[in-house]
Every structure is written in structure tokens, then in C-alpha cells.
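Got chain A; can you put chain B on it based on the hints?
Top to bottom, those sequences are chains A and B. Residue numbering for the first sequence follows our numbering, starting at 1 and increasing by one per position. Residue numbering for the second sequence follows our numbering, starting at 1 and increasing by one per position.
Hint data in this document are derived by calculation from the structure and do not stem from the laboratory. Incorrect hints may appear among the rest.
Stated by the list, open to error - Pair by pair, the computed Cβ-Cβ distance ranges are: (1) Pro80(B) with Ala30(A): 48 to 58 Å; (2) Thr153(B) with Lys234(A): 32 to 42 Å; (3) Ser97(A) with Glu51(B): 57 to 67 Å; (4) Glu95(A) with Pro80(B): 36 to 46 Å; (5) Asp71(B) with Glu95(A): 54 to 64 Å; (6) Ala114(A) with Leu133(B): 33 to 43 Å; (7) Glu106(B) with Asp212(A): 42 to 52 Å; (8) Ser261(A) with Lys55(B): 25 to 35 Å.
Glycine included, every Cβ here is placed at the ideal spot set by N, Cα and C.
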Amino acid sequence: MTKRSGSKALTWMALSSVVFAAPALADESAKLVVNDEIEMITETDAPAHLDGALGTIRSGWTFRTSETQVLQMDDFDNPGMIFVDQALDQWNTVEGSAGKSCASCHDDVESSMAGVRAVYPKWNEEAEEVRTLVMQINDCRENQMGAEPLKYTSGKMTAMEALISVQSRGMPVDVAIDGPAQSTWERGKDIYYTRFGQLDLSCANCHEDNYDNMIRADHLSQGQINGFPVYRLKNTKLNNAHARFKGCIRDTRAETFKPGSDEFVALELYVASRGNGLSVEAPSVRN
Amino acid sequence: MQLKKLTVAAMLIAGAAAANEIAPADVVFTEDGAIEASLSGSPGVAENAPEIMNKGAGNCIACHQVTALSDIPFHGEVGPSLDGAGSRWTEAELRGLVANAKMTFEGSMMPSFYKIDGFTRPGDAYTGKAAKLPLDPLLTAQQVEDVVAFLMTLKDQ
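Only chain A is shown next, with the shape it has when bound in the complex (with noise of 0.2 Å):
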């Protein structure tokens, strides 16, 4: 990282403290253990795929300060988890022609649904597809239930893809990435090191070339999305990974692609399998 002189520190730090909140950043050792209870892995071995690109995976976590940090550290204190709780009522809730919830089906979540986001976004036998979280709750949806689908990044549909994603936290990521997802997850790679925009930035010009230094006042990680659906303090809901893929394309000054399209979806099993050994985080909390 570039070394600041002194006198540029000083006028950084008197302006950081009376108009903007102190850009802290992050204690790299602090390790992340939920609820006093689940133990997460924030930084582990990349996985061989990488082919030495990084050499050391980290969650998003480990880049942010100390003060949105804490808030992951304990259900009570972490704003994600007020949708999670909606979503429960939602998975008990009858909707559509079948007149079926989703525990019709599922039973009880905690049970049925451990492990499920660990292994997703995953090739789906059947409909011949590589299917995110979200395309599958869909289906349920659509021809399980009767009912309408949900809109990709709504409120609804990620608090659903949330409560989903708390039943595997602590389990390390373990997205498939050969037989018939490979077409897929190569497609998705790349795009990742495709550069967009009148920028002409790619995802890995920031999150593999620069992550640990800043960009404007933002510390870039490693833009990995074990933590994803995550609550952010910016816009005080629950974003999924195609909203934050779209807002990053977006700022490239690049015309994005649409959540939900076949780009994001490949773009989504190759970022996942970037965090593979990484926990589950969700809902993770970041500014």
C-alpha cells in the first residue's frame, strides 16, 4: 500500500472526524465467530482453480472496519436477520393454485435446507441448467405452488434466498465447477476478466489486482460473495449478488446486464467458486 506522509495523514484524519465517519480499517487478524457459536473461515487457501491468481481467499469480511464487523457477530445486532425472520413467515405461508407453502414440501427449514447454499449455484439435472438460489425458489414457486415468480433482487425474493442461506452458515463453499456446469463457469470467468465500460475495468482490475487498497474512500476486497445476500448500512436492505455485480458493471460506466440473465448466473458460479473453502456467511454486513 502506498505509505501517506505525515502532514497528508494528519488533514486526512481532521477531515475524516468531523465530516465523514473515520475510514478505520480493518483488524486483519479478528477472527469471525458467530453468536459465540459458528465458527466462520475468513481467509483460507485459494482453491487450485485460481491458478495462483490469488493465492489466499478472504471474505469481505475481513476487509471491513471493526464497527460493521461486530454487527455480523451476533443475530441480535445484525439488521440482515429482521428479513430472515420475514422469510420464515413467508416459507409458512400457503400462496398460488396448489395452495401450498413452502414447508408443504420442505418440512422444516433448518433441516431441509442445510447445505443447499453451499453448493449453489449448481447444474440442474432436469431443466439441463446451471441454477442459482433464486431461479430454484422461482421454480418452486412457479410450478410447485402455482404461484407467480418473484422478481430477481426483491426484497421478498432475498430475505427467501437469506433465510436459505443461514441454514448452511459456517459450511465452506463448495460450488461445482466441472461436467456440465464447466461451459458455464467459463463463460462466467470470462466475464469477470472481461473489462467493461468506458472505464475499461474488469472485475479483477479491482477485486484481484487491488484488493487491500483503497479506492477513494472505499477499501476494495476481494468481491466475494460467501457473505452475499448481505445487508449493507448504504441502503439498509438485503442485496443479492446480481444487484452488487449490476452496481459494480454500473460504476465502469458500462451498460450493465440484467439480474437474473444468463451472463450474471455464469458470472455468479465462477465469483462463488472464487470463495470455495470460505464459510457461508449470510446475512453478512458490510457498509
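Chain B only, in chain A's frame:
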């Protein structure tokens, strides 16, 4: 009366400058990525640069630390500090760097500020929607000159 004459004179100069402006597609780079001629045909005004380099058109500070601009908060660490840039580079080299840094540093992450084609899925500013073509360069010819004039003042102590 005096004032009016002055305005007319200023307008004439501005008109002449626009006529001498080099369009993004016509820029000539040296082998090392420098641009010899002023893009606007007029000298740069260093005093205009801090605003351009802060949020907005240039946003240079997002990636670079500049001690002379330390009253602006949050300087980035993606590129090197620009302190001393005016000692390290000639004016022509700096013009090339700001217009299209990729001609100096192959594959650079630094955006090209005076270039309007060759992008993948260019957007309409930060709306996420498709751009209306042709694109405007990120900086105007005169803004590039203003930034270059400022960079020339950043000498080694």
C-alpha cells in the same frame, strides 16, 4: 464598453481554439505514448485542475494520492502518487498519459480520458443503460490541457 470589447476578443480566441482542437480519433501518439501538440490548441490552466481531478470528470484522486490536493479527502492507492510527476515526465508524456495511459503502460488499469471508441458495452454515464453514440471523451481537450498544466507544477522537492 471596454468590457464588451474584451468579451468579444475572448470569444474570438475561444472560437479559434475550437478550430485548432484535435478530435479524439485524430490524436497522434509518439512511439512511447506521448502527444506533442496541445489537444485544444490553447495552453492549459493549472488552477482549473483540482476540480477536474476531484469527483466528477477526472476523478483522478480515486486512484492517486496528490499532496498538493490534500484538502480534498480520500485519495486512492490504485495508482502511484502523482507527487513529482512534473519532474518525472515531460509535458508531452503527461498529455499522452492522461489522454490514453495504455499507450504508455500496456494494459494499464488507468482509464483513457480522451478516447471515444473500442469499449465493451459502453454505458450512458453511470445509469447502467447503453450509451448514446458517439461517446464524449471523459475529459474535453481543454480539461486534458488543464490537468497536464497542473501535473507539470508537481516537481520533486
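So, going through the hints one by one against the coordinates:
1. Restraint check, proline 80(B) to alanine 30(A): a C-beta distance of roughly 30 Å breaks the suggested window 48 to 58 Å.
2. Under the hint 32 to 42 Å, the C-beta atoms of threonine 153(B) and lysine 234(A), about 37 Å apart, fit the expected range.
3. For serine 97(A) and glutamate 51(B), the hinted distance range of 57 to 67 Å is satisfied, since their beta carbons lie about 60 Å from each other.
4. In this structure, glutamate 95(A) and proline 80(B) break the distance hint of 36 to 46 Å, their C-beta atoms being roughly 57 Å apart.
5. Taking 54 to 64 Å as the suggested C-beta distance range, the pair aspartate 71(B) and glutamate 95(A) conforms, at roughly 56 Å.
6. Between alanine 114(A) and leucine 133(B) the C-beta distance comes to about 51 Å, which lies outside the given range of 33 to 43 Å.
7. Remark: the range hint 42 to 52 Å for glutamate 106(B) to aspartate 212(A) is contradicted by a beta-carbon distance near 24 Å.
8. A beta carbon spacing of about 30 Å between serine 261(A) and lysine 55(B) agrees with the range 25 to 35 Å that was offered as a hint.
The structure does not agree with the numbered hints 1, 4, 6 and 7 stated previously, though it agrees with the rest.
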